[in-house]
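Q: Below are the chains, spelled out letter by letter.
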Amino acid sequence: MSYRWLLIVISACASVSLRIAVPVALTRRDLHPRIRAALAASGAAIVAALIATLLVPAHRQELDLTALTKLLGVGAGTVVLHTRRSMALALITAAVSTALLRAFW
Amino acid sequence: MVEPVEPVEPVEPVEPVEPGASAGAGAGDASMAPEHPRDGRRPDAESPRSLRNALPLFSAELIDGMAFGALARAAGMGVLGSVTMSVTSYSSSAQYATLAMVIRRGSPWALLVTILLLNARYLLMGASVAPFLPGRAWSRGLRALLITDESWALAHRGGGRYDLRLLTLGGLCLFAAWITGTGIGAEAGGIIGNPARLGLDAAYPVFFIGLLGSYLSSRRARGIAASGAVVAILLDPLVPPGVPFVVAGLVGTALGFRR
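Quick mapping for you: the protein sequence lines, in order, are chains A and B.
Using this note's numbering, count along the first sequence one by one with no gaps and you end on 105.
Using this note's numbering, count along the second sequence one by one with no gaps and you end on 259.
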């Protein structure tokens, strides 16, 4: 097996294992209700963490044009999300406004 | 065509699903979705509309896949290697880490540790979805293969419940878009040029912002979400990518465990 294919196999095994390990091992009956509630609570923290890391550059000094236009686009999309309550329109608004800002700024 | 997103109403706890109730069921099998305890509506009744609302996300996934395919081809993975990696790993972070390792001729063990750190959040996501997965172990495992950040968040229905049909359909659409994009990118190279000019990177945060609302059913949940965001922002510059999500998830679990 070549080096590249070895890495592909490692990537596949690690990714698949992490995804299926818990769902294969656990059923609803295995989990105490309090643990289920705690896991449900972790969802809010993970989604918030995803948003935070997507919005805030890891290195603060790198707040360049790309990051700034993204923030403005996300702002526009969020406004649409809350005024029109349409996810699809919000996603399109965010992408288009960011693209336009990057094209003409 | 877009339709308004309605707020998810608070739900009562769902009764446990009997193991084996829908083993081998396809994505459209209604038996895997328990009846709504109050009004008889199936919890997944909103799935098609929610899936339509996520259509721009599938387009973004396609473009991202194309960008990955082009990079993988440039890194010498070939079309077959690039597409195989997308099919078998189905994780952009793991796949980009693999590319970086190929380019630097890094150690396979280093790649293994990197991917475990990058994707350890799937353990928490899998744990949150596991109670709702019916059937035998292999069936639950197959469905869990479709868990990504996007499909997992898309399938959340409030109160810690998950819409399995949406998880499956959304996951399959994202999977198809990612693989198709990888194939096109690897075959056609740089037809899309710099993907950043398309502004798609701004769509992902808006997607998660839109879905965060279903988690914020109480003041306590809002506090946990804020804690997760703060932890991630503080850790992001200090630790390897992926670790902030795990720590934020563990903090959320710990806070959620407290009475």
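Think of the hints as simulated: they come from the structure by calculation, not from any bench.
One thing to keep in mind: the hints can contain errors.
[To be verified] If the Cβ cut is set under 8 Å, some of the chain A residues that face chain B in the computed set are:
#, residue
1, Ile10
2, Ala12
3, Arg34
4, Leu65
5, Leu68
6, Gly77
7, Ala94
We put the CB at the ideal spot given by N, CA and C, even for glycine.
Q: Can you name, in rising order, the numbers of the hints this structure does not satisfy?
A: 4, 5
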